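The listed protein sequences derive, respectively, from chains A and B. Throughout the first sequence, residue numbering follows my numbering, covering 1 to 347 in sequence. Throughout the second sequence, residue numbering follows my numbering, covering 1 to 223 in sequence.
Among the hints, erroneous ones may be present.
[Stated by the list, open to error] In silico negatives: residues of chain B with every beta carbon more than 12 Å from chain A:
no.	residue
1	K65
2	W115
3	V146
4	I147
5	T151
6	A156
7	A165
8	R184
[Unchecked claim] Pair by pair, the computed Cβ-Cβ distance ranges are:
no.	chain 1	residue 1	chain 2	residue 2	range
9	B	P114	A	A127	32 to 40 Å
10	B	L207	A	E243	36 to 44 Å
11	B	P114	A	D67	36 to 44 Å
12	B	A189	A	E166	53 to 61 Å
13	B	K107	A	R75	40 to 48 Å
[As the list claims (entries may be wrong)] Rough simulated footprint, nothing fancy, chain A against chain B, three-plus residues with beta-carbon under 8 Å:
no.	stretch
14	39-47
15	130-139
I should point out that these hints are in silico values taken from the structure, not numbers from a laboratory. Because the structure is a prediction, the values reported are computed rather than measured. Note that CB positions come from ideal geometry on N, CA and C, so glycine has one too.
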Amino acid sequence: MTINAAASQQKHPGGKPALELVCPAGTPAALRDAVDAGAHAVYCGFRDETNARNFPGLNFSRAELEDGIAYAHARGAKVLVAINTFAQAGREDLWQRAVDDAVAAGADALILADLGVLAYAAEAHPAQRLHLSVQASASTPEAINFLIERYGIKRVVLPRVLTLPEIADLNREIACETEVFVFGGLCVMAEGRCLLSSYATGKSPNMNGVCSPPSHVAYREEADGALVSRLGDFTINRFAPGEKAGYPTLCKGRFEVAGRPFYVFEEPTSLNAASLLRELVNAGVTALKIEGRQRSRAYVRKVVSDFRRAVDALGTGGEPAAAATDALSDLSEGSRQTEGVYRKTWR
Amino acid sequence: MLDDLYPPPGGKAQTGPGDALDGAPEARSENQKPLRLPGLVRRLPPPPGFLMAPLLQAFVTSLLKRHPEMFERLGDYGERRFLIDPVDLPFVLMLVPSPKRPLLIMKNRGAPVPWQAAVRGPALALLAMAQGEADGDALFFTRDIVIEGDTEAVLALRNALDDAALDLFEEFEAAFGPLSGAMRRLRPAAVALFEGLRRALTQLERLKAGADTQNGDKATARA
């Protein structure tokens with residue numbers, strides 16, 4: 001492996017921190033709120049299975065995307081369009097059309113995962129900036145450098161399973177920017193390769209854009225006030241009366257192990273890396289991603305404005321953590337937060 | 001604006017390695033809970049149906065006229081029957097957000113209501129969520145709202161409402177034509193009334209929590 005110090009320096013010219021805040025927008029109104037709350041960039045997707053948040057009532061028509069891009073650009077913000085599911089054989093035109101339409105709408109970058117879609121975008125639109133989605137599961141220098149060389153990707157979104165030292169090492173060995181998750185849903189799996197949702201329901205974020213599709217989710221409140229959540233034929237959890245709840249995903253399910261209920265993979269909790277922003281800058285990270293295209297405008301406004309204050313505080317030598325950790329607990333899954341694997345003292 | 005009435009989510013954040021597995025979740029402070037109206041309100045007689053039926057129908061018809069994109073965003077879920085259950089009020093609502101013929105009907109609590117998807121929670125929490133001032137997932141995590149039936153339809157409705165960025169006061173004003181001027185004049189009084197009520201209830205809950213703690217301490221001391 002070769003160390004690409006020049007690339008690392010290029011990311012932060014003059015050693016000055018340059019963190020771009022990339023914020024979620026599930027709807028046009030959320031996009032406007034994210035921009036107004038201080039997002040440097042907003043990511044969103046079309047209202048179909050080409051993006052990994054294909055939930056009912058969410059996402060953008062072609063006309064809405066054009067309007068959203070105009071709104072963001074008028075205020076100095078970028079729009080990144082996620083076309084990050086895997087194209088299905090015989091239906092490639094759906095993904096190719098999404099690429100063409102996003103480029104025509106003026107997207108600042110496309111966030112792609114599928115090799116075929118990457119190849120199409122690189123060939124059909126060579127001037128278009130391409131980012132590699134976390135769904136592409138590229139987390140080694142060899143994989144990332146191959147995709148840079150082959151498709152000219154300018155940024156990779158890293159999975160939430162790398163430690164800070166691993167991110168720093170990776171940044172020294174790759175010739176593109178890195179974007180890391182700092183807040184929201186904590187996926188602890190090999191993203192883009194996880195089959196848990198598919199196993200339980202036949203639908204997955206990778207192919208259909210839905211993790212734990214709501215069509216297969218059912219809740220039941222029992223007479224004693226307990227809440228039972230089910231996904232397909234599986235009981236995911238039984239929350240005691242008053243106990244904070246989480247999403248009905250298998251990876252956050254509580255199952256009986258050795259005769260006692262136990263969180264086998266991970267507890268209901270959200271990522272909050274606000275206290276690590278300085279370390280992330282030092283590790284060579286370019287952009288911070290806030291998860292939550294399926295969340296409301298209230299979530300977007302609160303999380304984006306808190307993190308924008310934290311990022312600004314970095315530039316003025318202030319304390320970024322205080323700006324973004326207070327008051328976000330109640331927006332978190334299970335009302336709990338963690339720094340996840342960034343600090344590897346976790347499980 | 002309901003943000004006058006509905007305190008934003010907050011509470012001390014829990015961060016730090018290991019806390020997801022080892023730390024006990026921190027309870028929200030009393031003033032961060034969605035306001036529940038006093039139990040007495042639920043026992044009051046509901047507003048007369050003959051008065052509410054035309055008002056609610058005028059409201060939902062006006063909503064369709066003013067926000068067709070919201071109904072379009074719902075797609076096929078617009079034909080579902082939604083039960084909206086404000087658990088602290090003496091009535092429930094049945095909504096069919098159909099772009100062809102929208103329906104909003106009030107039923108007395110306990111009366112049979114056919115539904116395919118239901119959302120239950122304190123009235124002010126539901127209102128705050130409906131106009132994008134509270135996050136539905138957060139209210140679900142904290143168990144303030146409960147979803148039953150067709151989860152997909154509930155999500156579609158929540159997302160479509162959130163995108164519409166409604167101001168319910170404005171919508172009521174727009175729906176009631178000649179009455180809208182009077183409603184606009186009543187708005188500051190209504191906000192002041194609810195805010196006073198919220199403060200009084202918060203104070204009462206704090207006093208009650210204090211009394212419960214004292215009683216608990218005494219019981220512990222006796223033991």
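Results of checking the hints against the structure:
no.	hint	result
1	K65	19 Å, holds
2	W115	14 Å, holds
3	V146	5 Å, violated
4	I147	5 Å, violated
5	T151	4 Å, violated
6	A156	4 Å, violated
7	A165	5 Å, violated
8	R184	24 Å, holds
9	B:P114 to A:A127: 32 to 40 Å	56 Å, violated
10	B:L207 to A:E243: 36 to 44 Å	26 Å, violated
11	B:P114 to A:D67: 36 to 44 Å	38 Å, holds
12	B:A189 to A:E166: 53 to 61 Å	59 Å, holds
13	B:K107 to A:R75: 40 to 48 Å	46 Å, holds
14	39-47	violated (count 0)
15	130-139	holds (count 7)
Comparing the model with each numbered hint stated earlier shows that hints 3, 4, 5, 6, 7, 9, 10 and 14 do not hold.
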